[in-house]
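2 protein chains.
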Amino acid sequence: MIDPRVASGLRDLLPAVMIPRERILRTFRETFASFGFVPIETPHIERMEVLTGKGAGSDEVLRQIFEVTNKGGTPGELALRFDMTVPLARFIARHMDEVGVPFKRYAIGSVFRGERPAKGRFREFVQCDFDTIGTDSRLADAETAQIIYESLTAAEVPPFTLALNDRKILDGALEALGLTGKTDLVLRSLDKLNKIGRDGVLAELARPADSGGAGVSDEQAAGILDFAEGGRGKPDVLDAAEARFGSNERAARGIADLRTVIRLLEAGGVPADRIAVDLGLARGLDYYTGVVFETTVDGWERFGSVASGGRYDDLASLFTSRRLPGVGASIGLDRL
Amino acid sequence: MIDPRVASGLRDLLPAVMIPRERILRTFRETFASFGFVPIETPHIERMEVLTGKGAGSDEVLRQIFEVTNKGGTPGELALRFDMTVPLARFIARHMDEVGVPFKRYAIGSVFRGERPAKGRFREFVQCDFDTIGTDSRLADAETAQIIYESLTAAEVPPFTLALNDRKILDGALEALGLTGKTDLVLRSLDKLNKIGRDGVLAELARPADSGGAGVSDEQAAGILDFAEGGRGKPDVLDAAEARFGSNERAARGIADLRTVIRLLEAGGVPADRIAVDLGLARGLDYYTGVVFETTVDGWERFGSVASGGRYDDLASLFTSRRLPGVGASIGLDRL
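Same order as they appear, the protein sequences are chains A and B.
Read left to right, the first sequence gives residues 277 to 612 (the numbering used here).
Read left to right, the second sequence gives residues 277 to 612 (the numbering used here).
For the record, the hints were derived by calculation from the structure and aren't laboratory data.
Note that this is a predicted model, so its numbers are computed, not measured.
It is possible that some hints are incorrect.
Heads up, the list lumps identical chains together, so a pair's fine if it works in one copy or across two of them.
[Said to hold, decoys possible] Cut-off 20 angstroms, straight-line C-alpha distance, at most; resulting in silico cross-link-like pairs (EDC-like, lysine to aspartate or glutamate):
hint: 1; residue 1: K471; residue 2: D512
hint: 2; residue 1: K347; residue 2: E391
hint: 3; residue 1: K471; residue 2: D502
hint: 4; residue 1: K510; residue 2: E336
hint: 5; residue 1: K347; residue 2: D486
hint: 6; residue 1: K458; residue 2: D279
hint: 7; residue 1: K347; residue 2: D589
hint: 8; residue 1: K468; residue 2: D562
hint: 9; residue 1: K347; residue 2: E336
hint: 10; residue 1: K347; residue 2: D335
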């Protein structure tokens with residue numbers, strides 16, 4: 277007799293879980309479509325080269341890739357997708373003449389990561405992605421955040437907060453503090469603020485670069501921490517940021533853009549008490565270049581973001597020479 | 277620049293294809309649910325042992341299995357599912373105390389087969405399966421066929437014909453013709469009737485067993501061919517089969533059962549002109565033991581069945597000692 281278990285990190289979903297999931301997915305599809313997004317589907321299996329191209333995924337994600345081989349196939353040639361952004365980039369490079377750009381698409385499907393099961397994470401989970409490709413408009417930025425709000429509300433998710441930032445503000449502040457070139461290290465430390473506390477982050481920032489720190493001065497470290505900690509709250513935290521960093525051109529543009537997005541959101545009917553600003557929010561190191569979003573269920577912040585995304589400058593540079601800016605977000609079905 | 281193509285046998289689905297697909301899937305879910313079926317989901321990745329257990333899949337299917345490995349994982353341990361029947365068997369063995377039996381479930385998802393791409397087949401395709409586990413009832417048999425009818429009709433599939441058989445009739449006829457023990461070879465030849473014609477099948481049946489034939493006498497070969505060819509048509513072909521093989525106990529039971537199923541279908545509102553009997557229909561060699569279904573779109577028969585299934589005696593014998601008879605069908609979304 278064969279043991280009917282599934283491999284670690286994988287799951288069977290029983291009717292008690294699946295029935296509400298199908299209801300939620302249906303409201304998501306209806307919401308995405310109501311904003312003019314159309315569905316596409318890409319294969320679960322991609323060519324390895326597509327998934328591992330420079331900048332396609334973080335080192336961590338690439339280490340977790342599942343390779344796929346069949347009898348007679350060449351090992352190392354195929355793999356399971358680890359997200360739906362890289363396949364979207366490949367898709368739009370391949371099909372842009374057929375679908376036209378700007379292109380608003382959604383895609384719902386499983387992605388796969390060979391996490392160490394000990395971490396209690398799933399190796400297969402469902403993402404609900406929607407993106408607007410080929411526009412630099414603030415309206416698309418605001419629409420993306422509004423769709424997060426409308427989707428979660430339609431799915432009857434408990435009260436949640438949509439935190440926004442614009443990466444230009446953060447980058448401008450780092451620039452003004454003389455920290456350009458250390459962005460990655462600083463952001464990596466800032467990301468640990470909730471875990472290791474202010475003093476821990478200060479110590480890490482001050483540690484020399486050759487010991488894995490950012491090697492910044494005490495003054496710089498305090499400056500960036502004050503900026504990140506003081507930058508959490510209602511949209512009026514932007515006023516303080518403007519007073520401090522408004523003379524930096526990049527920061528000033530970011531502040532103006534974020535104010536526009538928030539104005540559009542409020543005008544679009546998203547309640548002000550659902551909107552927060554978090555100037556330390558980066559959402560990954562390299563990828564995003566403009567607005568970024570993160571959504572947490574009130575009181576369940578420690579479970580992480582249920583919907584996040586942002587604006588990128590150039591989606592598909594691995595696959596086409598045409599610059600394709602865009603904005604998008606991903607809702608994690610398994611976190612709802 | 278990386279070539280944005282997909283590997284051979286895989287596809288991107290553009291909005292023009294996806295929009296009707298999503299509409300169809302929605303009508304399927306609604307139809308399945310209206311008959312009391314609940315959704316489940318199993319992982320795309322199963323343990324290799326589960327997929328390759330004796331009787332889990334045909335040799336052909338097992339040769340096409342996609343193995344899955346991640347860094348640090350053990351090669352040969354995991355694989356992509358090639359259908360949703362084996363995962364259902366594993367699921368019900370594992371969860372029967374939670375979900376209860378009889379259990380009516382549907383599952384919609386991708387399955388993977390490493391077909392040689394030259395054949396023009398897809399290596400990833402979507403199946404829409406529904407099964408009733410844990411009952412020997414004719415009502416479940418008829419309900420399964422009725423759901424095929426209702427689903428395809430709701431999805432506005434062009435006029436189609438639902439061909440039915442009961443494997444007991446075919447097995448009984450082979451028994452009466454003295455062909456027990458040669459069932460596999462005979463059915464394999466019969467399956468080629470459309471391709472190689474009556475004379476081709478006769479020659480193959482008569483060829484000695486050690487040359488890959490069935491080694492049956494001319495009289496036996498003619499008998500089984502007459503049975504299969506004469507057994508295609510409206511339900512009254514059962515009268516001729518009864519006259520010829522009604523004295524065989526197994527065939528007689530099959531004829532009675534199939535008549536009951538057809539009566540139930542017609543009483544349930546399935547138009548008589550959509551129902552056909554095909555006494556040569558086997559749908560695979562070992563698996564089915566009672567009623568079998570196959571559905572073709574009128575005028576497009578050469579593209580094969582769009583929805584098929586049947587009754588099995590014991591679904592999950594690989595995984596549990598509890599006998600679980602059932603009946604189910606699978607609609608091939610990519611064939612609609």
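Each hint, compared with the structure:
Taking the shortest Cα distances, K471 and D512 never come within 20 angstroms of each other, neither inside one copy (26 angstroms) nor across copies (76 angstroms). Taking CA atoms no more than 20 angstroms apart as the test, K347 paired with E391 passes between copies only; the shortest distance there is 10 angstroms, against 26 angstroms inside one copy. Taking identical chains as interchangeable, the C-alpha atoms of K471 and D502 lie at most 20 angstroms apart only when both belong to the same chain, with a minimum of 17 angstroms there against 78 angstroms between chains. When the C-alpha separation of K510 and E336 is checked against a cutoff of 20 angstroms, the pair qualifies neither within a copy, at 33 angstroms, nor between copies, at 62 angstroms.
For a Cα distance limit of 20 angstroms, the shortest separation of K347 from D486 qualifies neither inside one copy, at 47 angstroms, nor across copies, at 29 angstroms. Within a single copy, K458 and D279 get their C-alpha atoms no closer than 51 angstroms, and across copies no closer than 33 angstroms, so neither meets the 20 angstroms cut-off. With identical chains, the CA atoms of K347 and D589 are never at most 20 angstroms apart, being 41 angstroms at best within one copy and 32 angstroms at best between copies. In this assembly of identical chains, K468 and D562 lie within 20 angstroms of each other by CA distance solely inside one copy; the values are 17 angstroms within and 58 angstroms between copies.
In this homomeric assembly, K347 and E336 come within 20 angstroms of each other (Cα to Cα) only across copies, at 12 angstroms, whereas the closest approach inside a single copy is 29 angstroms. For the identical chains of this complex, K347 and D335 are inter-copy neighbours only, at 13 angstroms across copies versus 29 angstroms inside a copy, given an alpha-carbon limit of 20 angstroms.
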